[in-house]
Amino acid sequence: MLYVCYDNGAYMNTGIQRSSATPYGADTTTSPAGKVKQGKEQFRKDLTEIMVAHHIPYAAQTVPVIPGTPYMFDLYNKAEKAFKITGAKFMNVLTPCPRGWRCDTATELEVVKAAVETCFWPLYEVENGEYKINYIPKEKKPITEWLKLQGRFKHLLKPENEHIVQKIQEEVDRRWERLLFLAKVK
Amino acid sequence: MPNLKELSKKKVRFTGGHRMCAGCGAPMVVNWILKALDDDERAVISNATGCLEVSTCLYPYTSWKDSWVHTAFENAAATCSGTEAAFKALKKKDLLMESISS
Ligand code: SF4
Chain A
21 MLYVCYDNGA
31 YMNTGIQRSS
41 ATPYGADTTT
51 SPAGKVKQGK
61 EQFRKDLTEI
71 MVAHHIPYAA
81 QTVPVIPGTP
91 YMFDLYNKAE
101 KAFKITGAKF
111 MNVLTPCPRG
121 WRCDTATELE
131 VVKAAVETCF
141 WPLYEVENGE
151 YKINYIPKEK
161 KPITEWLKLQ
171 GRFKHLLKPE
181 NEHIVQKIQE
191 EVDRRWERLL
201 FLAKVK
Chain B
34 MPNLKELSKK
44 KVRFTGGHRM
54 CAGCGAPMVV
64 NWILKALDDD
74 ERAVISNATG
84 CLEVSTCLYP
94 YTSWKDSWVH
104 TAFENAAATC
114 SGTEAAFKAL
124 KKKDLLMESI
134 SS
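Each protein sequence line maps, in turn, to chains A and B.
Residue numbers for the first sequence follow the working numbering, beginning at 21 and rising by one.
Residue numbers for the second sequence follow the working numbering, beginning at 34 and rising by one.
Treat the hints with care, as some may be off.
Unchecked claim - Think about it this way: if two alpha-carbon atoms lie no more than 25 Å apart in a straight line, the pair counts; the simulated DSS-like pairs of lysine-lysine are:
(1) A:Lys101 with B:Lys98
(2) B:Lys43 with B:Lys98
(3) A:Lys104 with B:Lys121
(4) A:Lys104 with B:Lys38
(5) B:Lys125 with A:Lys104
(6) A:Lys104 with B:Lys43
(7) B:Lys98 with A:Lys104
(8) B:Lys121 with B:Lys98
To be verified - Computed far set for chain A versus chain B, every beta-carbon distance over 12 Å:
(9) Val56
(10) Glu69
(11) Thr164
Said to hold, decoys possible - One side only, chain A facing chain B, incomplete, derived with CB under 7 Å:
(12) Met21
(13) Met32
(14) Phe103
(15) Thr115
(16) Arg119
Simulated from the structure, these hints should not be mistaken for lab results.
Don't be surprised by glycine CBs; every beta carbon is placed ideally from N, CA and C.
This is chain B alone, in the form it adopts within the complex (with noise of 0.2 Å):
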């Protein structure tokens, strides 16, 4: 069972001041699952439209402490995925600035 207390002291990734409605469940839930990472892995974040990919990037603003990209409804899979790909090839050809985990 993880411990509270040490997962109270992991990085805070998603941050707040979004708009998303108060008592929306989105947020919460987004806060738990970028808890189950490393606090030095990085993430790439690819977000469907909706109201989490609305309400959280109000340009200038934005919520998000690692890589994001807004996507449309049905391609955010596809936009992670070819990040991916470019990730595996800019590796392979050593073009990367620094170790990020994939």
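Extracted from the complex, chain A is given alone in its bound form (with noise of 0.2 Å):
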């Protein structure tokens, strides 16, 4: 059995709530932005992670088809060796929702290569237990790159949220080295 999760960070189809899988600071129904609050205000689970710790053949993260990249197959090449490992698999594809990201629908690509280009999300497999990096961007972009893409994290740009974006990409970072580290890359 594969099991494939398409991640679009919210409860989409029935109006966008915030889930768990929600970023943090993103403004959803559930977890609006406004005068006093400013979006979510807890960090993202790790689901990938979360299936990596149940010791399954095989996990990994990836994004839909970007052409002219260098991952441009990443998720063929994936789904094409899940489907030939016998036991529970696991894919979790980052895969934008134009409604509750508020973007816009002919670059939305342009948005999950941010994702990847800024390590918000990694490229990555875990087979039996040995982590494997499958892109490693040469120059980590600033997460603003993937923030101020997206009608969702509007408000995070305003100067007096500064604060937010540090906390944000402190926590990406954080992430970012704990992966270079298990897939012995650092």
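Join the two chains into one complex using the hints; note that each chain is given alone, in its own frame.
Written out as structure tokens, the structure reads:
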């Protein structure tokens, strides 16, 4: 069995309620940004790592096919590999929801690309406990590159919310460093 | 690296006409994942409730060419493992009409 999660970061179908997958600071109908609060106040639950902790034969994190990137076939390659492995397999795919992300449909893949290039959403796989990072950006982009393309994070870019952006950046860095360590890159 | 030309010849398992929002990423993810199956393989897909589930099976229509089960939020995997157990049991008793790959 291959379990595929298309992670769009909220309960989109019922009207964009925050979920455990919603990123920190995102404006949703149940974590609204306004005068008092500035969106969701918890970091995203790391579903891929939760699945890795189950010690299944294969768990991977990827993105849709984005033409022109070195990771264009990452999704296809991982699905092909997963289908050939016996047992429980898992794939987590960051999937754009233009309605909930409040982004442009024509350029939504640029948003996903920004998630990869900022290391918000690293491309990696864990096969029988062995971590492998499938793409390491030459130069890690600041998290604002991912935030600024989406209406759900618009409020975070106000000068008074700079500390929130910094907090998000620190968490992204921490998770990325941990992944580099687990994959024995560092 | 996969060959795009070859891939474009693969069997279409998820068809258009569904009611997902224009520009939604989910259908393209489904398409690419199903492309990774061999054409002679059959899939049983258990779909948890969500946009993809409610928008691709508006009675009496369906976008899915493979066996497809509508499940609740939390039990998509349980449904799938139950199906797998049933498949194995039928195979063991030689009750399958034709060979279907697991
Ligand atoms: S864009 Fe996709 S995930 Fe978002 S609300 Fe529409 S169908 Fe659902």
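Here's how the hints hold up against the structure:
1. A:Lys101 with B:Lys98: OK: Lys101 of chain A and Lys98 of chain B at ~22 Å, within 25 Å.
2. B:Lys43 with B:Lys98: OK: Lys43 of chain B and Lys98 of chain B at ~13 Å, within 25 Å.
3. A:Lys104 with B:Lys121: Holds - the C-alpha atoms of Lys121 of chain B and Lys104 of chain A are around 18 Å apart, at most 25 Å.
4. A:Lys104 with B:Lys38: holds, 22 Å
5. B:Lys125 with A:Lys104: OK: Lys125 of chain B and Lys104 of chain A at ~22 Å, within 25 Å.
6. A:Lys104 with B:Lys43: At roughly 18 Å apart (the allowed maximum being 25 Å), Lys43 of chain B and Lys104 of chain A satisfy the hint.
7. B:Lys98 with A:Lys104: holds, 21 Å
8. B:Lys121 with B:Lys98: holds, 22 Å
9. Val56: holds, 30 Å
10. Glu69: holds, 18 Å
11. Thr164: holds, 22 Å
12. Met21: Holds, about 5 Å.
13. Met32: It holds, given that the least Cβ distance between Met32 of chain A and chain B is near 6 Å, below 7 Å.
14. Phe103: Nearest chain B Cβ about 6 Å off; hint holds.
15. Thr115: This hint holds: Thr115 of chain A lies near chain B, its Cβ roughly 4 Å from the closest one there, short of 7 Å.
16. Arg119: Hint holds; Arg119 of chain A Cβ to chain B Cβ min 6 Å, cut 7 Å.
Consistency note: the structure conflicts with none of the earlier hints.
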